[in-house]
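Sequences are here, hints too, so could you generate the full structure?
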Amino acid sequence: MALIVEDGTGVAGADSYVSEADAITRATALGLDFPVLDADAEVPLRRAAIYLESYRNKYQGKKYITGQALQWPRNPVYIDEVLNDPSVIPQELIDAQIVLASVEYTNGNLFGTALGGVGSRSVGDVSVTSNNGGASDNSAYSGLANELIAPLLKSSSLGGLEFNVSRA
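Using this note's numbering, the letters of the sequence shown map in sequence onto residues 1 to 168.
By construction, these hints were calculated from the structure, which means they are not laboratory data. Do not rely on the hints blindly, as some may be mistaken.
As the list claims (entries may be wrong) - The calculated label-pair distances, taken between Cβ atoms and stated as ranges, are:
{"#": "1", "residue 1": "N146", "residue 2": "P76", "range": "17 to 27 Å"}
{"#": "2", "residue 1": "A2", "residue 2": "Y78", "range": "25 to 35 Å"}
{"#": "3", "residue 1": "Q91", "residue 2": "K58", "range": "14 to 24 Å"}
{"#": "4", "residue 1": "K154", "residue 2": "F111", "range": "20 to 30 Å"}
{"#": "5", "residue 1": "E53", "residue 2": "Q91", "range": "15 to 25 Å"}
{"#": "6", "residue 1": "T106", "residue 2": "D22", "range": "12 to 22 Å"}
{"#": "7", "residue 1": "T28", "residue 2": "N57", "range": "30 to 40 Å"}
{"#": "8", "residue 1": "L37", "residue 2": "D80", "range": "21 to 31 Å"}
{"#": "9", "residue 1": "M1", "residue 2": "L83", "range": "11 to 21 Å"}
{"#": "10", "residue 1": "D33", "residue 2": "F111", "range": "17 to 27 Å"}
{"#": "11", "residue 1": "M1", "residue 2": "G67", "range": "16 to 26 Å"}
To be verified - Using 25 Å as the maximum straight-line C-alpha spacing, the simulated DSS-like pairs for lysine-lysine come out as follows:
{"#": "12", "residue 1": "K154", "residue 2": "K63"}
{"#": "13", "residue 1": "K154", "residue 2": "K62"}
{"#": "14", "residue 1": "K154", "residue 2": "K58"}
Cβ atoms here follow ideal geometry from the backbone N, Cα and C, with glycine treated the same way.
Structure below.
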């Protein structure tokens, strides 16, 4: 099933911020491991979009169009102190989705899998067994993707004191 791409107009049923073909082109430009066939890019892109949806309470602004499927478009959003046109999906968000899809494609898991569990190593007569306690490895996607979406998140200077204002 082909992706339904949000283009900034509140597309009903949208499940991605970028098409498969555009993602493949951009991933190549960024030097990422990524599928070369549209059909193989669908699931990783869809899962990456779902992951980005988990930031719903951290993004600046509010959903812009009643009934839109995804969290973007949003308004007001300031990127580098410039008001973003709400009908434009930020390139930072698109790039973050592609980076996360690359992680998913290369056998990462965006949804907090446990690290290896129990490990064992032997040297001569000595054997050591360790258990990481089920800690999650988020390092695969937290770096670049988090840097990309950082300008879209609330900050102490913009959204830390964000509140709604209405007239009576």
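**Message:** Let me make sure I understand: some of the numbered hints might not hold for this structure. Which ones are they, in numerical order?
**Reply:** As far as the earlier hints go, 8, 9 are violated by this structure, in ascending order.
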